[in-house]
Each structure stands twice: as structure tokens, then as C-alpha cells.
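Starting from the given sequences, assemble the full structure and let the hints guide the process.
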Amino acid sequence: MSTAVLIMVTLALAACAFVYGRQRAWRVAGDAGGIRALHSLPSHHGTMVAMWCALPALAIVIGWKIAEPGIISSIVHAEVPASIAQNGERAISLYRNQIENQIAGGSAAGIQDPDMQRLGERLLSVRQTGATALSALALIAAGLGAALAVRRISTTFRARASVERVVHFFLLSCASIAILTTLGIVLSVLFEALRFFQQVGFLEFVTGTRWSPQTAIRADQIGSSGSFGAVPLFVGTLLISFIAMLVAVPFGLFSAIYLAEYATPRVRNVVKPLLEILAGIPTVVYGFFAALTVAPALRDFGQSIGLSVSSESALAAGAVMGIMIIPFVSSLSDDVITAVPQSMRDGSYALGSTQSETIVKVVIPAALPGIVGGILLAVSRAIGETMIVVMAAGLAARMTANPLEAVTTVTVQIVTLLTGDQEFDSAKTLAAFALGLMLFVVTLVLNVIALQVVRRYREQYE
Amino acid sequence: MSDENNKPGTTDLGKRERAGRERGAGDPGGAMAAAVSGTLTGGEHRGGSAGPDLPNHTGTGQGTAGDRVGARVQSGLKRRYAAERRFRMYGLFAIAATLSFLALLLISIVSKGLPAFSQTYMQLDVMLDADTLGVDASDSAGQLRGGNYGGVTKAAMRERFPEAESRSDKKALYGLLSTGAEYELARRVIADPELIGQRLQLWVPADDELGALIKSGANLADPDGIVTRMSDRQIGWAADMQATGELDVRFNRTFFINGDSREPELAGIRAALIGSGYTLLITFLLSFPIAVSAAIYLEEFAPQNKWTDLVEVNINNLAAVPSIVFGLLGLAVFINFFHLPRSAPLVGGIVLSLMTLPTIIISSRVALKSVPPSIREAARGLGASDLQVVFHHVLPLAMPGILTGTIIGLAQALGETAPLLMIGMVAFIVDIPQSITDASTVLPVQVYLWADSPERAFMEKTSAAIMVLLAFLICMNALAVMLRKRFERRW
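Residue numbers (numbering that gives the first Met the number 0), protein chains in the order written: chain A, 0 to 461; chain B, 0 to 490.
Keep in mind the hints are simulated off the structure, nothing from the lab. Idealized CB from N, CA, C, for every residue including glycine. Be a bit skeptical, because a hint or two may be false.
Claimed, not checked - Computed list of chain A residues with no C-beta within reach of chain B, every gap over 12 Å:
hint: 1; residue: S39
hint: 2; residue: A395
hint: 3; residue: T399
As the list claims (entries may be wrong) - No more than 27 Å apart at the CA atoms, straight line, and that leaves these computed lysine-lysine pairs for DSSO-like:
hint: 4; chain 1: B; residue 1: K111; chain 2: B; residue 2: K214
hint: 5; chain 1: B; residue 1: K368; chain 2: B; residue 2: K214
hint: 6; chain 1: B; residue 1: K170; chain 2: B; residue 2: K111
hint: 7; chain 1: A; residue 1: K360; chain 2: A; residue 2: K427
hint: 8; chain 1: A; residue 1: K271; chain 2: B; residue 2: K484
hint: 9; chain 1: A; residue 1: K360; chain 2: B; residue 2: K368
hint: 10; chain 1: A; residue 1: K271; chain 2: B; residue 2: K368
hint: 11; chain 1: B; residue 1: K305; chain 2: B; residue 2: K368
hint: 12; chain 1: B; residue 1: K169; chain 2: B; residue 2: K153
As C-alpha cells, then:
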């Protein structure tokens, strides 16, 4: 029985168990003088039986699925011919892949090599026995669980409480997935990055100024030794993010001020959703716009005034990224500006200030922590933004502060290093994870600071 | 509120007060002006000239102090009102500029993309000659598929323009045909093998260069001033066909029923649309129940302790982690560790659901929080247990808000590209994916792939694909807004 079928059967059994449990509860209630005699509703009893039926069985299935690869690979290691085993781990896994490919049809009869055939048969039989044993075990567990649960049905049994305990646990584990995700990100990125730092020193990575990740595939190749100095990438990322913030902060802030302080409710109701459209447009669309409309326009404009603008200039990518971030800055600033108590504005008006003086001298200083927090979040967005730079910024790792030249960023390099075919443990691929680690750490720090600032600000006026 | 939290506020105000006092002390003229006119404005009186000037004027005795101060206030007022107007203009300008960026973006995409929805077809008069085809009506479908349909279409073109005799002329002539013509013919013949041996008139897609030329409405009779890669000879033939009505521009159905293709006139978004559909389905099935459960736990049951704090901090941070990092997670964990298939909507859906979880959790919590406590108390008063309170009363009332958040999260997932590049959903997909483990691509990735293609015709395809993507996003957001409007309750 395949795993999918087994799970289906278990769930079907659980459904039957639910119906039976509920009926049983009704009967028990009837014997004891009506439904009022039951502590819990019949459906609670039914659910309880269904849970006892399904959960242990599913736990067994999942447990086996986790343990199976380990068991199989230990068998392979134990029985692999010595001539292969002495060539190390990679030879073994290659050998195993060959066998797996041949027994994919379910039979080892066609294999020529006798050693391979013996091992192939062994693997097949282990899998088959495993699957049969698993099915039997799971179904027994399901039946046993259901039977035990049915025996517990009585007028005084608190089925509701026991069902709710399980549901409660389920809710808690769903909430904990957030932690698992973070953990998964940290571990996956960290492990690969550590493997990278074994090949390339950490110091070289963060202080080196030459980035050319093409490593030699064969030892006798010349000229592509690979060098992993990531400083040009950091410079490129900062340059583009800086340009983006140069666009996003003034436009975002001023539109937020206008919307929060000057605009009539009608204007606000029209303009805010329009700004949100800008936030909802996928980044790949911005990338296309930057690469095929803005960049050529900038280049032509540069030529007409005698400047040489690269067709993949940092300026085009940064400016379009800035446009993308405007609504982000504007909505966060709008929130904090509207949160400034009206009494502070009234005080300022009473002293004779005009509205703009009130805004510049009272409202903005009061909202400043929140605005700064919002801007920090926007910076972390700009740093992590991928598609716009992949499509509109270049691949040339250049250390320059000239926005008219092509630069590359951390995210562009991650995408370039990881798309296409490659083996997974070369320094080139692992470098992407090291870059990912840097990206994650930097954005995490920015986010934590920003969230702290925003939260403290919010408490101040609550 | 604790004392610590009060501190920043008080010191802030303190500073402001101090600054005001210092300003007043160093600027007697300003202070007097304020006293006379009854305004205190700060900045406008800071000018260094005001203080030292005043004693001089009083010394020479020209006019009364009150008049002069009044005049100064008047002139200051003018300046201040001008500053006020300027400031307002900045705000208006920022909004106008932002909105015109939006307009520019949409106009540039729509104007580029609209031509892709129509396609140039040409009429072909083919003789389905069994000898040229190499198959006949009694063959099986498999054999029919191997027929030489290209030869038949080429023969039809030669027949139409017998004057093309030299090798290069013939090659140029065949250049007007799209490979789509062969596929169309093959489809017809396989559907009805009896056609072999007969003469058939059919409309087939034209080559993309020719197609673009016809769609642009250029006057083919006058080849000067037409920018194209086609030769004058080819333009002449095209003009001939156009004159006899053998070229026609129609709605481009191919775009919606084909997968990707190397030929722009045959490329379609069907495969990407289906891939997006599968991916989004997985995302919804995973993220919705998990996010709602997590939100219920955090909002209704979570005790105030370290673990809850940790969960909340994590959710808030995950909402701001760059999407590409989720792609790295997917690559390292799901593909390299769990050996799930590369390029599959299954993995894409899992990664995207991890990414959208925080969005949905946060909006679901807001929705749950907005249900008034009286509902909970009433239910509890009737003997409902904690879970019954939540699942029978609070959750249904919060559902519109939760669904709105879910749709917005899914719209985000639909437009996401970067993490999917990491898990290999950048494949060249011609066939429509049949299941969640087939290699497939999604709409935004298709946009990314086409945007890289050198052919000019792919540019309009890209824009058209973007228009389809935006149409979906607009529909989803409109649905969310409608849900909110229709079911929102003010307590």
C-alpha cells in the first residue's frame, strides 16, 4: 500500500470512527435517560474517537517516513562492495543512484552486475517489507486507538475537554511554525555559508574587493580561479538603495504629510487606494519597466547632454526601486503622523503658527521616531529587493559611487549563482548562501531596530 | 504605561521649551513683534538682523515702534503665507509625481502590450499531397504526427509566388511562414486524416516580423520608411497578399492556449497560468488554515510568556525578511534536504505559503481583535467552552476580515518571482503542467523570462503577460475590497 493510499484509508477509518463514536454516545445517553445526562456533546465523543483512531496511525507513518532513509542508507553502506566503499562517500552515493535508477520499475531482475543486483533486490525487499509492516502497524494502531476510545465513552467522560486539549495543541504548533521558519532560514543559510567559509576565508569575503565567482571546473583551466571579495557587491547594493531612498523618502514623506494634514477626506479616499496600487504591482513589472523604459530613456537623455550613461545604470534601477517604495514610506509615515495627538497641533495653532510651521516644528518632530522606523524598514526592503535589480542592474561587480555606471548587488549575485545547472557543493553555489546570510543578518538587524523604534513610539502616545 | 516609556516624551518637550526660551532671549525684536501682533512663530524671527536693528531705529526716532513692528509682522506674514503655500505645493507635487509615475508605468505597459492581443494570420491554400507529406490516411496518429507538413506549407507558398525561383528567394519566401502553420496543419490532419489528398484553405499565423508590420498598419505598397528586418522582396510579397485580402489581423487566441515557445508568434501564457494556479492553490491550502490557527492561538489563548513573545517577534520579523531568503530556504531545505522535485508548483507553493503566513496572521489577528468582547462573554455565559466560543462565534464574525487579509496575501504570492527563481521554476515550459509535481513556471517568472528575450515581438508578449497578471491582481484586490465593504461590521 503506498503512503498516500495508507493515509487516505486512515482518514476514512477516522471518519467512520467519528460516526460510530457519536452513535455510541447517543446510545449511552439514551440508556442513562437522555442527552442531558452526557457531560459532552455526542459530536465531541465522536471527534475524540476519530482523533484516537487517526493520530497514532499518522504518527507511526510520519515516524517511519523520517526513519526510512536512514535505515536504507545504513543498509547500503553495510552491503556495498568493498571496492566501491573504499572510494569514499561520493562513490557510494553514485553506486546507489545507479541501483535506484534500475530498480525504479520495481524489479532488480534486469541488472547485469551481480553485486548490484543483490543489493538492488535487498533494497526492494526492505522497502516492500517496510511498507507492508507500516500498513499493518498503522491500521492496527488505528483500530486499537478507536476501540480504546470507544470504551471510554460514558455519561461522565469529559470528551470536550480532551478534544479541546488536542485542538489547543494544534493551534499552538501552528503558531510555532513562525519560529520553525526562522530557524529553518537561519540553519539552512548558516550551514551552507559555513561550508563556504571553510573554502574561502571570512575576512577575504567581507574585505576583498574583487568578485569573480567563476571557479575552474577542471584543475588545468586557467584564468578562472574564482575570487570572492564581496565588497563591490555591498557597495553596489548600498548605492542602489541610497538612490532608491533619495526618491522614496521625499516623495513618500511629502505625500504622507499632504494626505494626513491637508487633504480633504474625499481626496484622501481617492489618492490612498491609488498609492496602494503602486504597492501592489509585482516587482517583476517594475523590473521590466526599469529595464525597457526608464534605462533606455536615461541613456538617451544622457547622450543628448553629453554624458555616457550605462544601459544598466544604477540610477535607473534605484529610481524605479524608489518609486516602488514610495507607498511603503508614505503609508507608514501617514500612520505615525495621524497618531500625533490633535492637542499638540492645537497648542501650536493657538500660538499663531501656520499649518506648515506646525507640521515642521511640532508634528514631524513628534512623529520622527515612527518616521525613522518606517524609513529603516524601507531601507531593509530596498536592500532585499531582487527582481528590479536582476532585470535592470548589471552583473559587473564594480566599486564605484557613480550612479550612471552599472553595478551589481548582493541579490543579483544570489540569483545569478543559483539559477541554471550547477553542482551544489562548489564554492560558487555556496557563495550564494554566504551572501544570503549577510542579507538576512543585515535586514534582520534593520527590522529589529525599526520595529523597536516604532513600538516605543506607539506606546508614547497611547 | 511605565515611567521608562514616558521619558523620551518629556525630554523631547523639555528641549523644545528650552529652545523656545533661548530664542526669545536672544531676539528681543521678535519677542516684541510677537507681543504686539499676538503671534509667536519661532523661525521667522530668528533672523540675525532683527535684534541689532531695533535699537538703531529707535535712536534716530523715525516713526513709532508699534508701526514699525506692525509693518515687520505684516511683511513676515506675507513670507510665512508664501512658505505655507510652497509647503502645500511640495505635498501636492509629491502626490502628483507619484501618481504620474503610476500612470506612466501603466500606460507604457498597456501601449506596449495591446498589440499582442491581436495576431496577423495569412491565408494558405495547401495541397495535402500524400507524397510530399510522406503519410496517408490509413496511418496511425503517431505516424501522422511525423508527416512532412513543413514541405506542404512551403509548396503552398511556392505555388502562390511562382516567381521566387532562386535559392535565396525561396528562403526569403519561407521566412514569411511561421512554424505555427505546420502545427496547425498537423493538428487538422490528425483530427481528420481523410483530408490527405485534398486541397485545403486555412488561416495560419504569420511570421512575427511580418505580423508586427501588418499590425502596425504600415503601407506596404510604399516600402520606404518602414523599419523592419524584412527584405524589400518580402515586403513586396506581403503587399501582394495584403492587396488580395490574404492577410488578416485577428484576436490572438494562441496567446491563451499555448505554452512557452521560441517563436514569439506561438508563445502563450497557458502553461504559466496553470502553473500559477497550482502554486496559488498549494499556497492557499497551506497558509490559510495554518495562519488562521496561529492567529486564533495568539489572539485568544496565548499566555503572556517568553514563548509567545518569541513567536510574535518572529512573525513580525518574517514579514520583513526579503523574499529571496525564503527562496534560499526552499532550495536548501525542501529540494536539497527533503528531495522534493525541482521546478514543481508543490515546492513553490510551500515556499510562498511560508512567505505569506505573516501577512495573513497579522491581518487575521486584527480581524479577531475587532470582535467585541461582549460576544465572547455572552457565549461563555451560555456555557460554551473556550474553543466553542472561538469557533462558533468569534471566528465567523471575524471571517470577512480574515478572508480579506488572505486574498491580499495571496495576491502578493501571485506576483512574487524571486524565491521561485531559487527553486528552479525558471524552466522553459512548453507543455501544460498536469499535476503539482510537474515542472512548471508561473506568470511573473514567465514575464521575467520573456523580458530577457531579444526578439522584439517578445516585448509585446511580456507586456501582455503583465497585463494579464495585473488583471488577476486587480480582480483579487477588488474582491478583497468588496468583501470588506459588504461584510464589514461596525460594533
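Okay, the hints, checked on the actual structure:
| no. | hint | verdict |
| --- | --- | --- |
| 1 | S39 | violated (9 Å) |
| 2 | A395 | holds (17 Å) |
| 3 | T399 | holds (24 Å) |
| 4 | K111/B <-> K214/B | holds (13 Å) |
| 5 | K368/B <-> K214/B | violated (56 Å) |
| 6 | K170/B <-> K111/B | violated (31 Å) |
| 7 | K360/A <-> K427/A | violated (53 Å) |
| 8 | K271/A <-> K484/B | holds (16 Å) |
| 9 | K360/A <-> K368/B | violated (35 Å) |
| 10 | K271/A <-> K368/B | holds (24 Å) |
| 11 | K305/B <-> K368/B | holds (21 Å) |
| 12 | K169/B <-> K153/B | holds (9 Å) |
Hint compliance for this structure: hints 1, 5, 6, 7 and 9 are broken, all remaining hints hold.
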